[in-house]
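Chain B: place on chain A using the hints.
Here is how the chains run, residue by residue.
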Amino acid sequence: MIDYTFQWRVVWRVWPELAKGAVVTLEITVLSMLIGLAFALVFAVVRRSRIPVLSQFVHGWVELARNTPALLQIYMAYFGLGAFGIHIGAYTAVLGAIAFNNAGYLTEILRGGLESISRQQRMAALSLGMNRFQAYRYIIFPQVMRIVFLPVMNQTIWAMLGTSLGMIIGLQELTGATAFQQSLTFRPFEFYFVAAVAYYVIAKTIILASRLAAARLFRG
Amino acid sequence: MIEIQDVRKSFDTLEVLRGIDLTVEKGEVVCIIGASGSGKSTLLLCINGLEPIQSGRITVDGTDVHARGTDINRLRQRIGIVFQQFNVFPHLTVLENVALAPRIVLGNSRAEAVDKAKTQIAHVDLTDKLDAYPAQLSGGQQQRLAIARALAMGPSYMLFDEITSALDPELVGEVLDALRMLRGEGMTMVAVTHEIPFAREVANRIVFIDEGRICEMGPPAQVIDDPQEERTRQFLSKVL
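The listed protein sequences derive, respectively, from chains A and B. With the working numbering, you'll find the first sequence wraps up at 298, consecutive numbering, no jumps. With the working numbering, you'll find the second sequence wraps up at 242, consecutive numbering, no jumps.
The following block holds chain A by itself, in its conformation from the complex:
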């Protein structure tokens, strides 16, 4: 027989603590995506233009980011860098590692998007006297962004869920904050259940918000 009385009030009582954790989760998600995208935009062009040395560097980055566990990447940033005298906080370590990871995945996503834009679009842009940067900025990337919109959204959700690994090095993001609170009350089910719902709501909110933004941005 199941003999368990749900105690939701204990969760409610500490909701500001959980909300603080959720804010950290959101912050790292947004920042790591922006940083990752900024790197990936440059990386994708470097890869596609096959610029020597730089292209190999990017290739190495992508391989590492995609083929090693994110947890290991966080450990590397937090503990590993210490070996070289670089000591960073848990927040920076998680942000750095997730951004590193995002940059890797996003590079491949953007590269695929770039491949799908006809070479003729670039030619048309150049024929009007645009330089290469203008061609990418005004003609190519705006078209790539429509194509990669869904995969980039997936990556955003992945990054958001991935921040939960931060608790391993003591970061008080949503999972970390939840784990700490439940340890005070011994109500793991209630706490983790609420955290799961919170993650779900955040994910759905991100998707909805970006759909709305896309509808405005990508007309035509």
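In case anyone wonders, no lab produced these hints; they're calculated from the structure. Errors might be hidden in some of the hints.
[Unchecked claim] Computed, partial: chain B to chain A, Cβ under 7 Å:
id, residue
1, 86
2, 97
3, 103
[Stated by the list, open to error] Some but not every residue of chain B turned toward chain A, in silico, with C-beta under 7 Å:
id, residue
4, 93
5, 106
6, 110
The beta carbon of each residue, even a glycine, is placed where N, CA and C say it ideally should be.
Chain B alone, transformed into the frame defined by chain A:
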């Protein structure tokens, strides 16, 4: 003036241009004809530096197109090109397609650029489509949009690369009309075309290219109506 001197161009081991010499004077309309794969389109792309050349020289108003020190972006502002596949920008409206380059390349203010764009859009008779996206336009309308986009830069020369080849037959007329209008305004034009009757009508000179060389060149009355070369006769008998 466009001067092409002994230009050679290869893709890997395939030599597509084998020593082309051609001069286009201001105000002239030159139509280039020839079989598919004879190098006509490649020649156009070489004129505005979209394709590199292996040897020879192309100058536009005295500026060497392929020289290292040439500001190619600046030079291209003077040479408009319209492609076979339209290549309009699908994410921009008709107005934005035309106004973008004047704004970001020529540094026009937004109002100036929009003004310029509207003038050229009216020129090709698309004023009722200002806010439409290319996907909502017919092929003929897209091609006219591409012409307006090139004209908005105020070019001295216009290059046309088989601009009616991808169009349904009933849409060819409206695009050729735009070219006739440009000719009437004295625009210097080089057009690669398969429309032989049109070439005969508008061209000052016809250039027949065969296997990367100029086989025959002269006024339409000569090249089309009374070709001297056997290869020209063979080609014309197939397409006319």
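Tested hints:
Because the smallest distance between the Cβ of residue 86 of chain B and any Cβ of chain A comes to about 9 Å, over 7 Å, the interface hint for this residue is violated. Of the supplied interface hints, the one on residue 97 of chain B is violated, with its beta-carbon coming no nearer than about 12 Å to a beta-carbon of chain A, more than 7 Å. For the restraint placing residue 103 of chain B at the interface with chain A, the shortest Cβ-Cβ distance is roughly 4 Å, inside the 7 Å limit, so the hint holds. Taking 7 Å as the C-beta cut-off, the interface hint given for residue 93 of chain B holds, the closest approach to chain A being about 5 Å.
For residue 106 of chain B, the suggested interface contact is upheld, since its CB lies about 6 Å from the closest CB of chain A, less than 7 Å. Residue-level restraint check for residue 110 of chain B is violated (minimum Cβ-Cβ distance to chain A is 12 Å; threshold 7 Å).
Against the hints set out earlier in the document, violations occur for numbers 1, 2, 6.
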